[in-house]
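S.K.: Residue numbers (this note's numbering), protein chains in the order written: chain A, 1 to 211; chain B, 212 to 422.
Note that these hints are calculated values from the structure, not bench results.
Just so it is clear, CB atoms sit at the ideal spot from N, CA and C, and this is done for glycine as well.
Be aware that one or more of the hints could be misleading.
[To be verified] Within a straight-line C-alpha distance of at most 20 Å, the following computed EDC-like cross-link-like pairs (lysine to aspartate or glutamate) qualify:
(1) B:319 with A:102
(2) B:319 with B:332
(3) A:18 with A:5
(4) A:18 with A:38
(5) A:108 with A:72
(6) A:108 with B:410
[Unchecked claim] These stretches of chain A come out as covered by chain B in the derived footprint (C-beta under 8 Å, 3 or more residues):
(7) 38-52
(8) 100-106
(9) 117-126
(10) 137-150
[Claimed, not checked] Here are some chain A residues the structure puts well away from chain B; computed CB gaps all over 12 Å:
(11) 4
(12) 14
(13) 15
(14) 19
(15) 23
(16) 31
(17) 33
(18) 34
(19) 66
(20) 111
(21) 159
(22) 162
(23) 170
(24) 191
Now for the letters of each chain:
Number of protein chains: 2
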Amino acid sequence: MKISELSRRSGSPVGRIKYYLREGLLPPGRSMGATIAEYDEEHVQRLRLIRALTARGGLSIAAARDVLATVDHPEESRPTLGVLHHALPIPTESGDAEVGSEQLQQVKELLDALEWNVADDSPHPYALAAALKELSRLGVPYSNDDLFPYARLAASVARLDVGQLDGIDAPEQLAERAAIVILLLEPVLALLRRLAQEDEVRQRRAQPHPA
Amino acid sequence: MKISELSRRSGSPVGRIKYYLREGLLPPGRSMGATIAEYDEEHVQRLRLIRALTARGGLSIAAARDVLATVDHPEESRPTLGVLHHALPIPTESGDAEVGSEQLQQVKELLDALEWNVADDSPHPYALAAALKELSRLGVPYSNDDLFPYARLAASVARLDVGQLDGIDAPEQLAERAAIVILLLEPVLALLRRLAQEDEVRQRRAQPHPA
């Protein structure tokens, strides 16, 4: 298909498609002449993934390029999912958050208690420690006893997540699906929590607990 | 305490404190003269909450003012938590997402199946429908059968969330704690999910499923 058709199919304006081509996020089409290239279904799909990562997932163009490089060239030496996991943006808005050494120790103890195995270079324990420090500064500290039941539920969520990758063998496809599950399911889960909170509050109001 | 001490205690520069005073996010101190005001512990705590909502929670100043107004003046006519729930920002980055009527119908059926009660004017079903439409456009549609186990886990999370508000009777305190639980626990839960995913992937790799 021509670029105009690719634009129509993907919902991305031609100018934006050309930008992605220049930035190397979208592989070039098959050249059919000096100014004409032919695009295919993979370009449509790739454009949607780029949009998902940048517009929905909040990634910068540079960060999206890194993730797509992992999708396209899974390393032999490292498991795709591990690389991808650490390339995806971390779910905190707090660029300026400090990591408290106290909270980092707390996170280590939590992971030990849960018997969770996490890569040494994972950014997630630091991000969690920063989020916990923030809550503590607000006067609402969370102990590991408080976090434990949440962590158990997170483990059940993760089993559902990783189960969606079962049977996907091609590394490119695996990485693409994993990026979607890890990143784009996040708002879905947050919204299910909000809806469940609304229901829970209404339920409690309907049946007041005896004093 | 003087504004310099308030700055030191809260970690907010004096200029920022004055900005919050001008914008009406922080109530004025007790006037001790033409240019001197006396601040107290409530100002320290309020400053931390403003920072949490704006820097961590990603709220605009205007949105933070709305939330704080709910915290300060809980309406008699409407339950505090309901108002607050809908004033807090929605967990999607997708300002330009369309709400698919198909997905909205799907969300309604999901809520029915779960027997979840949600306010008629809740923004969350629309936001969820938009997130589902996005996944569908990416070629990874989620049916209600797929979402059901996630929703059950979200209900367990919500019970833990709402349970943290037990025994808090003062409406201002309730609203403040609820804002923290709803909004600032979100990155903590997302990070626990990421850590659990890392562990789940490692576990599966260690014990490959027989083909």
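S.K.: Take the hints in turn and mark each one as holding or not.
M.R.: Hint check results:
1. With a C-alpha separation of about 44 Å, the suggested pair residue 319 of chain B and residue 102 of chain A falls outside the 20 Å cut-off, and the hint is violated.
2. With a CA separation close to 13 Å, the supplied pair residue 319 of chain B and residue 332 of chain B stays within the 20 Å bound.
3. The straight-line distance between the Cα atoms of residue 18 of chain A and residue 5 of chain A is roughly 13 Å, inside the 20 Å bound, and the hint therefore holds.
4. A hinted pair counts as satisfied when its Cα atoms are at most 20 Å apart, and residue 18 of chain A with residue 38 of chain A qualifies at roughly 13 Å.
5. The suggested pairing of residue 108 of chain A with residue 72 of chain A is violated, with an alpha-carbon distance near 33 Å, which exceeds 20 Å.
6. Our distance criterion of 20 Å between C-alpha atoms is met by residue 108 of chain A and residue 410 of chain B, whose separation comes to about 14 Å.
7. For the stretch 38-52 of chain A, the assignment as covered by chain B holds, since 4 residues bring a beta-carbon within under 8 Å of that chain's beta-carbons and 3 suffice.
8. A count of 0 residues in the stretch 100-106 of chain A with a Cβ less than 8 Å from any Cβ of chain B is obtained; the coverage claim is therefore unmet, three being the minimum.
9. Counting residues of the stretch 117-126 of chain A whose beta-carbon sits less than 8 Å from any beta-carbon of chain B gives 6, enough to reach three: the coverage restraint holds.
10. A stretch counts as covered by a chain when three or more of its residues have a beta carbon under 8 Å from one of that chain; for the stretch 137-150 of chain A and chain B the count is 8, and the coverage holds.
11. No Cβ of chain B comes within 12 Å of the Cβ of residue 4 of chain A; the nearest lies about 20 Å off, and the non-interface call holds.
12. Residue 14 of chain A, annotated as away from the interface, keeps every beta carbon of chain B farther than 12 Å; the closest lies near 18 Å.
13. At the 12 Å boundary, the C-beta of residue 15 of chain A stays outside the reach of chain B, the nearest C-beta of that chain being 16 Å off.
14. Interface exclusion of residue 19 of chain A from chain B stands, the closest Cβ pair being 17 Å apart, more than 12 Å.
15. At the 12 Å boundary, the C-beta of residue 23 of chain A stays outside the reach of chain B, the nearest C-beta of that chain being 20 Å off.
16. Every CB of chain B lies more than 12 Å from the CB of residue 31 of chain A, the least distance being 27 Å, so the non-interface label holds.
17. Once the 12 Å rule is applied to beta carbons, residue 33 of chain A is consistent with being away from chain B; the minimum gap is 31 Å.
18. With 12 Å as the threshold on Cβ separation, the claim that residue 34 of chain A sits away from chain B holds: the shortest Cβ distance comes to roughly 33 Å.
19. Against chain B, the non-interface label of residue 66 of chain A holds: every CB pair exceeds 12 Å, the least being about 17 Å.
20. Not every Cβ of chain B is farther than 12 Å from the Cβ of residue 111 of chain A; the closest lies at roughly 7 Å, contradicting the non-interface assignment.
21. With a cut of 12 Å on Cβ distances, residue 159 of chain A falls inside the contact zone with chain B, its closest approach being about 6 Å.
22. The Cβ of residue 162 of chain A sits about 5 Å from the closest Cβ of chain B, inside the 12 Å cut-off, so the non-interface label is violated.
23. The non-interface label for residue 170 of chain A is consistent with chain B: the shortest C-beta to C-beta separation is roughly 15 Å, beyond 12 Å.
24. A beta-carbon of chain B is positioned within 12 Å of the beta-carbon of residue 191 of chain A; the least distance is around 4 Å.
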